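Peer 1: Chain by chain, the residues run as shown.
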Amino acid sequence: MKKIEAYIRPEKLDDMKEILDSLKLNGLSVTQIMGCGNQKGWKEFVRGTQIDYNFVPKIKAELVVMDEQVDSVVNAIVRIAYTGDVGDGKIFVSNIENAVRIRTGESGTKAIQ
Amino acid sequence: MKKIEAYIRPEKLDDMKEILDSLKLNGLSVTQIMGCGNQKGWKEFVRGTQIDYNFVPKIKAELVVMDEQVDSVVNAIVRIAYTGDVGDGKIFVSNIENAVRIRTGESGTKAIQ
Amino acid sequence: MKKIEAYIRPEKLDDMKEILDSLKLNGLSVTQIMGCGNQKGWKEFVRGTQIDYNFVPKIKAELVVMDEQVDSVVNAIVRIAYTGDVGDGKIFVSNIENAVRIRTGESGTKAIQ
Amino acid sequence: MNYADVSWMLTSSALVFIMTPGLAFFYGGLVKRKNIINTIMSSAIMMGLGSIMWVLVGFSLSFSGDIGGVIGDLKWFRLNFDSLTDATLAYPNTLAFAIFQMMFAIITPALITGAVAERMKFSSLVVFVTVWSIVVYYPLAHMVWGGGILYAIGSVDFAGGNVVHISSGVSALVLAILLGKRKNFGKATYHPHNIPFVFLGAALLWFGWFGFNGGSALAANGLAVHAFMTTNISAASAMLSWLIIERIANGKPTLVGASTGMVIGLVAITPGAGFVPIWASIITGALVSPICFFFITAVKKKYGYDDSLDVFGCHGIGGIWGGIATGLFADKTINSAAAWNGLFLGEGALLVRQLAAIAITIAIAVVGTFIAFGIATLITKGIKVSYKAEDSGLDISEHGEQAYPAFNGMD
Amino acid sequence: MNYADVSWMLTSSALVFIMTPGLAFFYGGLVKRKNIINTIMSSAIMMGLGSIMWVLVGFSLSFSGDIGGVIGDLKWFRLNFDSLTDATLAYPNTLAFAIFQMMFAIITPALITGAVAERMKFSSLVVFVTVWSIVVYYPLAHMVWGGGILYAIGSVDFAGGNVVHISSGVSALVLAILLGKRKNFGKATYHPHNIPFVFLGAALLWFGWFGFNGGSALAANGLAVHAFMTTNISAASAMLSWLIIERIANGKPTLVGASTGMVIGLVAITPGAGFVPIWASIITGALVSPICFFFITAVKKKYGYDDSLDVFGCHGIGGIWGGIATGLFADKTINSAAAWNGLFLGEGALLVRQLAAIAITIAIAVVGTFIAFGIATLITKGIKVSYKAEDSGLDISEHGEQAYPAFNGMD
Amino acid sequence: MNYADVSWMLTSSALVFIMTPGLAFFYGGLVKRKNIINTIMSSAIMMGLGSIMWVLVGFSLSFSGDIGGVIGDLKWFRLNFDSLTDATLAYPNTLAFAIFQMMFAIITPALITGAVAERMKFSSLVVFVTVWSIVVYYPLAHMVWGGGILYAIGSVDFAGGNVVHISSGVSALVLAILLGKRKNFGKATYHPHNIPFVFLGAALLWFGWFGFNGGSALAANGLAVHAFMTTNISAASAMLSWLIIERIANGKPTLVGASTGMVIGLVAITPGAGFVPIWASIITGALVSPICFFFITAVKKKYGYDDSLDVFGCHGIGGIWGGIATGLFADKTINSAAAWNGLFLGEGALLVRQLAAIAITIAIAVVGTFIAFGIATLITKGIKVSYKAEDSGLDISEHGEQAYPAFNGMD
Ligand SMILES: Nc1ncnc2c1ncn2[C@@H]1O[C@H](COP(=O)(O)OP(=O)(O)O)[C@@H](O)[C@H]1O
Ligand SMILES: Nc1ncnc2c1ncn2[C@@H]1O[C@H](COP(=O)(O)OP(=O)(O)O)[C@@H](O)[C@H]1O
Ligand SMILES: Nc1ncnc2c1ncn2[C@@H]1O[C@H](COP(=O)(O)OP(=O)(O)O)[C@@H](O)[C@H]1O
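Residue numbers (this note's numbering), protein chains in the order written: chain A, 2 to 114; chain B, 2 to 114; chain C, 2 to 114; chain D, 2 to 412; chain E, 2 to 412; chain F, 2 to 412.
These are computed hints drawn from the structure, not numbers from a lab.
Note that the structure is predicted; figures quoted are calculated from it, not measured.
Backbone N, C-alpha and C define an ideal beta-carbon position, used for all residues, glycine too.
Take these hints with a grain of salt, some might be off.
Stated by the list, open to error - Heads up, simulated DSBU-like pairs for lysine-lysine below, C-alpha to C-alpha not over 35 Å straight-line:
| # | chain 1 | residue 1 | chain 2 | residue 2 |
| --- | --- | --- | --- | --- |
| 1 | D | LYS389 | C | LYS111 |
| 2 | A | LYS4 | A | LYS41 |
| 3 | C | LYS111 | B | LYS25 |
| 4 | B | LYS44 | E | LYS184 |
| 5 | F | LYS389 | F | LYS303 |
| 6 | E | LYS303 | C | LYS44 |
| 7 | C | LYS25 | F | LYS389 |
| 8 | C | LYS41 | C | LYS3 |
| 9 | D | LYS184 | D | LYS76 |
| 10 | D | LYS389 | D | LYS302 |
Unchecked claim - Non-contacting residues of chain D with respect to chain F, defined by C-beta distances greater than 10 Å in every case (computed):
| # | residue |
| --- | --- |
| 11 | MET103 |
| 12 | GLY148 |
| 13 | ILE284 |
| 14 | ILE376 |
Could you put together the complete structure from these sequences and hints?
Peer 2: Have a look at this one:
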């Protein structure tokens, strides 16, 4: 099993749900984060004085999937999250050694099917 | 060392603390997340119009533990987080290559003892 | 590639940005978490009655870096996050198998350069 | 106007004033988190713009002289009427009256902005409400309260069912259609992001409405007392009937529902507060909820227009029902300003005039909205933000601010 | 009642009105995030229910006629007393008085709901407050202000120490015990989730209390001025003494503490506001904090009842202390409605009557709460939510709403 | 003072009262999330402390007798003047006046606290405002309104430009400099964490200011009406001019900007509300924004002092401009309390006196702040929190509380 972590624009969250359905995935977890990358934050003016915000709000989506699903999921995320502007985000893939479904006690890939 | 990530119901958070004590673990981190799995979200009515919320609030607990502790911790989490209803959540285990305790500079398993 | 997860004091967040610049790193993601470790939480009094908060607010910083950068980044984080008091936090290092930059489609270490 | 009246009129003016911030929270809580600043600003801007315009031209156009029964003249430009501060002068030639009426001129255009929330350019909105005040609000205020044609035909409107609610509600519908839908309309119609704020706003609206309706007696007299009571009872009744509908239709009574019920109960009693008996205010409130609920859930769905926060469904429909209810329940013994009793007391003449007044108000609102929309489109080159701006939220795109910047992790 | 009085009574009524939303925020900020909607709704529902019941039967049962010194009759059903809107009529035969009193009938049952927060079924709560209004509130209002027995024996209660605070506080205790504890009671007694809201609520309560006590003079006269001042001073004094206690006991003065101190200072001065001199209001306020602090921290702990938001500790105990303080400090020269001076001016008769009135109030509250509890249990088949509903929060389980749905990540 | 005046004075007092909680939200929303409790507490504490001090000594020192034109005596200690509650007594010998003035004595020291937000020890703050009230506020109130020297020289100050705003603004600057900067000053000057709260506060301030200025007529008369209108217009005008500046300077109009504009417009009109014509209130408001904007963005940057929430930039500078504007635009026909017309009506005498009064006020504020700072430093052994406390936030370090404890993940 692999874990896919995608750091994407918040407004793309609605579309993430579609990935689940279309790829018949089992689950997804989403966190609000603040990110900083090539997109260097933004400026606000408070009473005329410039304030630099170094971090921009992003969404982190985590999906644990089976090895053979990784490519299609990553491709699907790239497709929905792409705008072409700086700040589109990144996807990271790492290894998951075991999974357990709490409700049933199943473990291994069964837990995420 | 292994990292245990448990996605559980928010109301189970209070009980997580007990696991630490009973298993003599050293630490735990908790994040609020929105999840989506077999439990497909819920409906709200706003002025009589149905709104679908695709994501339900969950808690993600992260614990880095020594290899030999993994099983007992996972079992303990399953025990407290279980209700039998859809949405109980999942636990994922992955490998951690190194750990550092900032206060002392200790690294490796010493950092989490 | 490696992922560095640092659980640090919230007030140290401002300094994290400097690490990026000084080490020429490409990105960083930050999450608010509640943590519990050797620092056992704190007490509040509500209308004279003591309430125990088991969890203290922390910041989790995630950085995916190239293998050769790990040591310098970890050292830099230790340097800025250190106060010497309980609760300074921990850093964990794990393996990342692949990375994708959504904007360009680049993958592997190119995605994080 | 004696000194007790001065005390009550100033108090009422302060109460009506706080309704606009109340509205800002009512609306602001109902939108997505990334749009609350823009939504609050859309109401707040009227506190500045509406005040200055009123003092310069608005009061004069509404209450000085009469041109064809449709609008006043500019003789009181800059409020330079005689005896400016003589508190004992009779209406309308008194500053206390000008203050009280100013608060109405502030909140009415602010009501419209709920319909276009989450997608209209702020600069366009500023132009729109400026023009709209001139082509719709001042004329209507003149026609109803300044001795114009709606007064002449014998229709009554105690505190602004036509002037405030039908006008803004209908204009909201037209503007929402002209503007077009939100990007995700249909997928995720509503996203109230802070329901306690919705309730805070509704509570401030109810609180302020005591001045709105109670102050419309223009004196600290029995009529003010009466209007205060009918106002409270209609709000209470509508809140309960809305919750009962929700309980039946969706299983659970909600706080957004309770807040909505309060507000439409207040809307519905506005034209009749000083004309109908107390028992009728129970009925007025009890019926406004099913009527509005039907429009919001069924009619809006059917026609698919994107009236973001149901300004038409609440203020337009609620105001129309209120105007009709006044024609049904008015009682001359309560207020002799009504020339006839309502239908329930056996006279149909008033009801007919109420219907005529509603129709005229709708016509003016529709035409005026087209004009204001046209001018706004010309001056600001299109009135809708880009999809990208919708995505990132109007707080960032229009105001460069985030409502709760610590929310995601910064302290 | 002259026109100046009308102005002041309407203003006071609006001020008392805003106390109920204030209470909703005071309570709502003190509960867990997942229960704020339910907590606000528990107060808000009275704005609807309390108003309608009052107009239909409440005012009549409280102020029309007298049956055995205990309750009025139904002659003024639907407020159909003569000269409905004659603002110059003497009390109680005036609509302005009915409006002012209505606001008290709204907030009193709402006070109780803090004791059962986070675990009572909303439907049960609605039944409970309906019955409770009839069996406890209207009788008490009649006994104290409608010429009933508490008036007859010569006890005094300026603005509702017995009628509002002791009645609700004692009923809250009884209901909390009958209802049973929250699932996690003891582990995590309190979870104020939004302390600025707690302060917002307390500030609105203080603001509104100027109308509550100041308006209870029923005229814009020197007594109103006096009551306004004692109200402010007792709140100020109690706030300071609470903060001093916290500083000594726990090391740090808190904002929840300051807010609590304000409120109990206002509670304590309620019965005596128009009877005791200003210096006595300093003492009344200064002492209410240690008394209530003791009950909340020591007595509650000892007996282990789950009065979620300390309604008994604040309103019950604070109200009892206020009734006693009135018996200690009353001064006939301030208000001749008191037949005797207080103990500090050498007369014991009033104090004895105050104690008797407190005892009678407690008895009525206890009996009435059992009745209302019994009826609510029967009609709604149990009044407590399931443990599962407690876990997921009453906002979802009872209202299908989340207060801040963007909180965890949705925009 | 007749009964209508009583009604208006009590209403105005309640309105001024709610300004302090309003200020608490205005300031509280502007600070970092971890400091909102401390910021609210800094204002809230005055609701207790200011009230009690006022009743004991403040009113007497301000309005009883006269010592050298600088301060009153202690004859009315504990408010024991004759005919305490006689509402018909002439000013200042009436309790209604004492109540109204009390609200000013509460909010003025609270204003200062914005300058030292996020870094001053709470205990030090309590000592500071106590001493400051005695050495700065009561003397100034006496000098201006109690017949002292600022009255004697013929300067005018309708509702507290000198007494309230210049005094607090200048003291804020001095105290901010004496206290020293925040740890991260310069890096991250501002962190408004909750902009809706900023707007809520500003809206409550505007609402309350109707009582502040309108009530300063001390009667429900034409002057009150006039002051009500100028107040509203200056706020409106300043809000608009601030937004225009932002639009030009930074591209986007902000809600923090709109809120700031409102407040400084209200500050600027305070001294002249009952002296200048309506057209002048438009100008007064329109100009205060560029003046304050310049001080906040340019002067503050240049000198690098850390006035956290721009109390000097808003209240100090805004108040000075208001005092000058009164000297420019005053019109004796509006209020004969002014002995001369303003410069625009051809007389320079008033302007000279206004400038003198401003200078004297500044001198008193500077000296008084040094004294209060010295005493606070002595008693509480240093007035600044540690860097560690700044890091963890003053809510935890000073009050042991978190504003929104559910924020990071707890329910
Ligand atoms: N090396 C990294 N480690 C962790 N998170 C990262 C890293 N690089 C980028 N991110 C996350 O991805 C988000 C988008 O990155 P950014 O560099 O702006 O996008 P891009 O260059 O692909 O347009 C950042 O805000 C951050 O949250
Ligand atoms: N494959 C997955 N990857 C990431 N998170 C998951 C995955 N599956 C489930 N989750 C998380 O676990 C939560 C509970 O999952 P769900 O499928 O509803 O539980 P179950 O089927 O075990 O009853 C989800 O809300 C989500 O946060
Ligand atoms: N084993 C662990 N797994 C996950 N998170 C941990 C672990 N140990 C510590 N943490 C995180 O690090 C934070 C600081 O840990 P703590 O033990 O208090 O620090 P230290 O002992 O280094 O002073 C905790 O609040 C928690 O968020």
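Peer 1: Does each hint fit the structure? Answer for all of them.
Peer 2: A quick look at each hint next to the structure:
| no. | hint | result |
| --- | --- | --- |
| 1 | D:LYS389 with C:LYS111 | holds (28 Å) |
| 2 | A:LYS4 with A:LYS41 | holds (27 Å) |
| 3 | C:LYS111 with B:LYS25 | violated (42 Å) |
| 4 | B:LYS44 with E:LYS184 | holds (26 Å) |
| 5 | F:LYS389 with F:LYS303 | holds (28 Å) |
| 6 | E:LYS303 with C:LYS44 | holds (21 Å) |
| 7 | C:LYS25 with F:LYS389 | holds (29 Å) |
| 8 | C:LYS41 with C:LYS3 | holds (30 Å) |
| 9 | D:LYS184 with D:LYS76 | violated (47 Å) |
| 10 | D:LYS389 with D:LYS302 | holds (26 Å) |
| 11 | MET103 | violated (7 Å) |
| 12 | GLY148 | holds (23 Å) |
| 13 | ILE284 | holds (33 Å) |
| 14 | ILE376 | holds (19 Å) |
Hint check: violations occur at hints 3, 9, 11; the rest are consistent with the structure.
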